[in-house]
Amino acid sequence: MERGERTPVDREKFSEIAVIASKMAHDLRNPLGVINIAAYNLKKRIGENDETAMKRIAVIMQKTAEANGIITDILSYYRLDPPDKKETDLNSLMEETVSSMNGLFEAKKINVTRHEGDLPPVEIDRAQISKVMQNVIRNACEAIADDGGNISLISRCDEEGKNVEAVITDSGSGMTEEDVTRSGEPFFSTKKGRTGMGLAVSFRIVEENHNGMIVIKSKEGEGTEVTIKLPTGGDN
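In terms of the working numbering, the sequence shown has 40 at position 40, counting the first letter as 1, and numbering is strictly consecutive.
Hints are computed from structural coordinates only; laboratory data are not their basis. Careful, some of the hints might be misleading.
[Stated by the list, open to error] Within a straight-line C-alpha distance of at most 30 Å, the following computed DSSO-like cross-link-like pairs (lysine-lysine) qualify:
(1) K23 with K192
(2) K192 with K108
(3) K217 with K191
(4) K23 with K108
(5) K162 with K219
(6) K43 with K192
(7) K219 with K191
(8) K63 with K192
(9) K219 with K229
(10) K109 with K191
(11) K131 with K229
[Said to hold, decoys possible] FRET-style restraints, in silico, Cβ to Cβ:
(12) G221 with H115: 33 to 43 Å
(13) D89 with T52: 48 to 58 Å
(14) M24 with N111: 41 to 51 Å
(15) K44 with G117: 54 to 64 Å
(16) G221 with G33: 38 to 48 Å
(17) C157 with K219: 19 to 29 Å
(18) H115 with A53: 53 to 63 Å
(19) R182 with G103: 26 to 36 Å
(20) N41 with E177: 48 to 58 Å
Here a beta-carbon is modelled for each residue, glycine too, at the ideal position from N, C-alpha and C.
With these hints in hand, go ahead and build the complete structure from the sequences.
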C-alpha cells in the first residue's frame, strides 16, 4: 500500500480551526499549571512519609506533563513557523540527524546503513527538515521489535532530476492499508498514548513549507518505506 499526494487543505477552514485550537490550548494550560504547582507543593509538604500519597502525586504530575505535551503538539501543527531556507547539503544533514539518534539505535539494537547519492544542494529550512527526518526515523525505531532490526537511509535524485529524496526503510511491523491511508492525519496514531502529531507536522513542513511530498509504502509484517521528496532548483 502506498500513500503520496493528499487532498489540498481548505485554508480558510484550517485558519478557523487554528484560532480555536490556539485559544483552547491557552485556556487548558492555565488550569494544568495550577494543578502541577498544587501537586508540587503537596509533595513538599508530605515528604517521603506517605509512600502511597507520593506515588499518586507523581501520577498527577506525570499526567499534567503529558497533557502539556499534547497541547504543544497541537500548537506546533496549527502554528507552523515559516521556513528559513538556506542552501543545504542534504547528505550532511542526514548524517547529523542520524548521529543525534545513535543512543536510540543502540538501545533498540538497530543496525543502521546509509547510502549517499551525488546530490545538488537544496534550498530548505535545515531545522525543519531535520525534524521531519527525526520524526520518520523515530517512528521506524518504534515499529521495530525490542530484539533489534534494520533501518536503511538512502539519499538520491529522482529520475527527472527535479527532486532530491531521502528514503528511510525499516524492517519493522509494517502497517495495514487503512493505517497507511490515514498516516499524517492529526490525532491518528497506531501507538497507544501517542497523538500522531509528529508525522502530521512533518507532512505540513514538507508539503506547505517546501512544496515537497512524503510518500509512504508499507505492508503489514514486512516493514515500511518513507520517501521525503524535496524539489531542486527554483521549484521550492
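Structure-based check of each hint:
{"no.": "1", "hint": "K23 with K192", "result": "holds (27 Å)"}
{"no.": "2", "hint": "K192 with K108", "result": "holds (19 Å)"}
{"no.": "3", "hint": "K217 with K191", "result": "holds (18 Å)"}
{"no.": "4", "hint": "K23 with K108", "result": "violated (39 Å)"}
{"no.": "5", "hint": "K162 with K219", "result": "holds (28 Å)"}
{"no.": "6", "hint": "K43 with K192", "result": "holds (29 Å)"}
{"no.": "7", "hint": "K219 with K191", "result": "holds (17 Å)"}
{"no.": "8", "hint": "K63 with K192", "result": "holds (15 Å)"}
{"no.": "9", "hint": "K219 with K229", "result": "holds (21 Å)"}
{"no.": "10", "hint": "K109 with K191", "result": "holds (20 Å)"}
{"no.": "11", "hint": "K131 with K229", "result": "holds (15 Å)"}
{"no.": "12", "hint": "G221 with H115: 33 to 43 Å", "result": "violated (25 Å)"}
{"no.": "13", "hint": "D89 with T52: 48 to 58 Å", "result": "holds (56 Å)"}
{"no.": "14", "hint": "M24 with N111: 41 to 51 Å", "result": "holds (43 Å)"}
{"no.": "15", "hint": "K44 with G117: 54 to 64 Å", "result": "holds (57 Å)"}
{"no.": "16", "hint": "G221 with G33: 38 to 48 Å", "result": "holds (44 Å)"}
{"no.": "17", "hint": "C157 with K219: 19 to 29 Å", "result": "holds (26 Å)"}
{"no.": "18", "hint": "H115 with A53: 53 to 63 Å", "result": "holds (55 Å)"}
{"no.": "19", "hint": "R182 with G103: 26 to 36 Å", "result": "holds (30 Å)"}
{"no.": "20", "hint": "N41 with E177: 48 to 58 Å", "result": "holds (51 Å)"}
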